[in-house]
Amino acid sequence: MQRVVADAILPVSDDALLVIRWREGEGCRIDAASPTVLRMLGETAESEPCLQALLHPLDRDCFLTEIARARRCGHDRARHADHRVVDRDGRVSWWQTVTVLHPQPDGGLRAVSHAFDITGLRGCGPPQPADALPETAQPEHAQPEHAMPCAERALLQAMLDSIPDLIFFKDLDSVFVGCNRAFAAFLGRSEEEIVGHSDFDLVPRDLAQAFRADDREALRVGVPRRIVESVRLPDGREALLETIKTPYRGPSGELLGLAAVSRDVTEARSTEETLRTLSLAVAQSPVAVVITDAMGKVAYVNARFTAMTGREASAVHDLESFALCFAETGSDEFREMWRVLSGGETWQGELPARRSDGGLYWASVTIAPVREADGRITNIIGTADDVTERRQAEEQMRRAQKMQAVGVLAGGIAHDFNNILTAILGYSHLALDSLPEGSEVRDDVAQVTIAAERAKGLVQQLLTFSRKEKAGREVVDLRRIVEEALHLIHPTVPLDVTIRFVCDDGDMAVFAAPTQIHQVVVNLCKNAVDAIGDDPKGGGMPRLIVVTLAHATVGAPKELARARLNPGRYLCLTVSDTGCGMDAALIERIFEPFFTTKAVDKGTGLGLAAVHGIVADHGGVIDVVSAPGEGSSFSIYLPRHDPELGLRAIKRGRGRILLVGDERTMLGMAGRLLRMQGFQVVASAGSRRGLALFTIAPERFDLVVLEQGPAGQAWRLLTLARAFAAASPGIPILVCTSPDSELEGAAVEAAGVTRILRTPVVPDQFVTLARQLVEERLAQKAGRNAETTTGRGPRSA
Amino acid sequence: MANVLIIDDDDMVRTMLLRTLTRGGHEAVGARDGIEGVDAFRRKPADLVITDIFMPNQEGLATIMELRRSYPNIKIIAISGGGARASLDVLPVAEALGAQKTLRKPFTPAEVMDAVRDVLGA
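Here the protein sequences line up with chains B and V, keeping their order.
By our numbering, the letter at position 783 of the first sequence is numbered 783, and the numbering carries on one by one without gaps.
Our numbering runs 1000 ahead of the 1-based position in the second sequence.
Because the hints were derived from the structure by calculation, they are not lab data.
There could be a bad hint or two in this list.
As the list claims (entries may be wrong) - Some chain B residues judged to face chain V by a derived CB distance under 10 Å, without partners named:
#1 T246
#2 Y248
#3 L673
What the hints assert, rightly or not - Looking from chain V toward chain B, a few residues come up when the C-beta cut is under 10 Å (computed):
#4 D1009
#5 V1038
#6 D1039
#7 M1065
#8 R1069
#9 Y1071
#10 I1079
#11 S1080
#12 K1105
Note that CB positions come from ideal geometry on N, CA and C, so glycine has one too.
Isolated chain B (complex conformation):
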């Protein structure tokens, strides 16, 4: 081996690397080799070192054929099937070799074979002595069973190549010893470019370092290791690779390297992310969600469901128990729900539901099948949303509209109806008077008067809804009204029902319409009597109505059972009974006009609605506390009359008011009202004359009242108001106009109009407002005078 010693030792970083540079020709002469190979060839060889001598006789042809094939196919390298070599001592080793081909211009070939000794890996035991080798080629079946024939190896490789996952093998030094086609394609290299190289030759350095670290870790722990990493592909695409690196061992258990399978999980991961987002969204959904399997067995319950229904997830094990959270078995909704669901359709509905703590709420429930692409139902999803607030708002709107409709209706019919009733009532009474006592006809006519009286009451209650009807209000002692009303109702109360009246000491003044408050007390008491009922079979149950009147001062907004009380000083009138009580659904409706639980001849369905209307009109609040079998308690909070305001009300008006309008009637009436209150009034029937009067001496007036007839135009009124405001900035201007005139918003303000009163004007309200505006104006004037005085001070000094 003299010839190769000097210049043919191929330096390699690692003794394990076997490199042979050789050339085509007889015996395939070796030009240079790495030290280990040189040692195998032996230094004392007589002949020139040649590759053929090194190759095992049985693998020699295969080896050379592989090279020939690679050349034919135009490859620049040949990847050999694992093959055997024999050293000069006759020891056999298994090599895995790749030969890089360097075809020469003269048609010859030079080549470099890179090999790894994989003897240990193949588990073929210690190297065998050369004499154990057969001299000649043996049939294939005579090979050791672990030695894979060329064809079998090719099959294995073909199988690996057919797997879409990336498969590669590395030795302990992280040098690739094999890979499949997918891996080669993934790297954008040929198999030959990979085998025999490390990651450092193939991928950017930082990535290679990371791979190397992963390899070391997998080898260190000695068990399969799963790594998910982001890799930039040769085409520039970022891909997420999931790699399982499994250390592989020789027959005696020694580590030989790593087998790895990688999969591009970019798609899967993004699907996973989407699923994760979806699952988080469902879990944290503001809507309660329950998912069952196709049979209705609950598979999932989100947190909102628990919060909304107050039921633990574990309490909902199937679709039926989900449905039962919102509807009762046997109820129409429940049956309908199942009918629809069993037809494979979506059921949707709004149901009054009860929380586990007993609280009522409205749930909007949807139960829908989840279908596979082929239409097969795989799951059922149930959602529920608390729509109590929306329902309440709708309910209020509906109720308000109903009240309004009743009001309009009442206003429309009241006039004619009252005339008719006057005639019926009048004539029947007249007839009654002329019929002999005790006669049958007299009794018949008496029935007519009773019926007419009832009709009269009905019309009165209907009228209560008409917002435009404002009974005259005054400062009244609530205690006196309640006492009067109780006195009135007393004869109609069954003897075995006790009415008790409890009243706080002190001032009980409210600013109210006494007849209306009277009606409130009477209606509530009648209601209480009806709730207690006729039949005293309550078995010792007290038959009692307690009426209390108390002071209530509210500091911060207070939530009542069914209402909200703003801060203020109130008088609280409560009527409690020991009657049958009401459930929540009933309480919801009791203030609705025409809603009644009573027999046709006993109730109009307007009593409580009237109470509600009156209390609201008085700026009060009504609250109800009741439960079935536990009686009911109605509380009415009326704002206490402010004695300060009261004093002012009593005080005679002072100041001068200019009245301008086109209707003498109206002027006369308003003028009279104001004069009665002690104001000086100047009335002008024409607007030009009125303005002239004003401009001569604006300081004489403290308030201008402009009255616009039904035919008046808004722009004329506004122009007039502006003229007054211009003549005396700050002069309060009160406009009385019809309800349908288009005096609104900014234009009105710009015109200098202070307040607008819509006709019909309630005298009380008109006088009170006029007084208030005059008082303010006078105070303003006084303030200005004071300023002027102090302003003059220094000058005169």
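Could you slot chain V onto chain B? The hints should help.
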């Protein structure tokens, strides 16, 4: 016994009131609206006027004002069952304009007679 002028456009109501007062021992005449009523009063002043408020041609408030201007000591009872379009409570206005008493329709003959007695007695 007193002379009473009844102004109401509703025939049934007017007739009922006429009968009530006649049976109560008074002399009563009727008018269908404010204009007719004022005319009747000018021809033959009555001790008491009972007038409706909402009437065609001349309504009750104007009638009250006109009568009171001419006859400051006139005694008036205003009656009303509310307006046709707006159920406006005008009776307090009538009172402010000088009606001694107001009655809300519907009322019974007894209530009318009580009111008449009150106003005439005062």
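Against the structure, the hints come out as follows:
no., hint, result
1, T246, "93 Å, violated"
2, Y248, "100 Å, violated"
3, L673, "6 Å, holds"
4, D1009, "9 Å, holds"
5, V1038, "14 Å, violated"
6, D1039, "19 Å, violated"
7, M1065, "6 Å, holds"
8, R1069, "9 Å, holds"
9, Y1071, "16 Å, violated"
10, I1079, "8 Å, holds"
11, S1080, "8 Å, holds"
12, K1105, "4 Å, holds"
Hint violations for this structure: numbers 1, 2, 5, 6, 9, all remaining hints satisfied.
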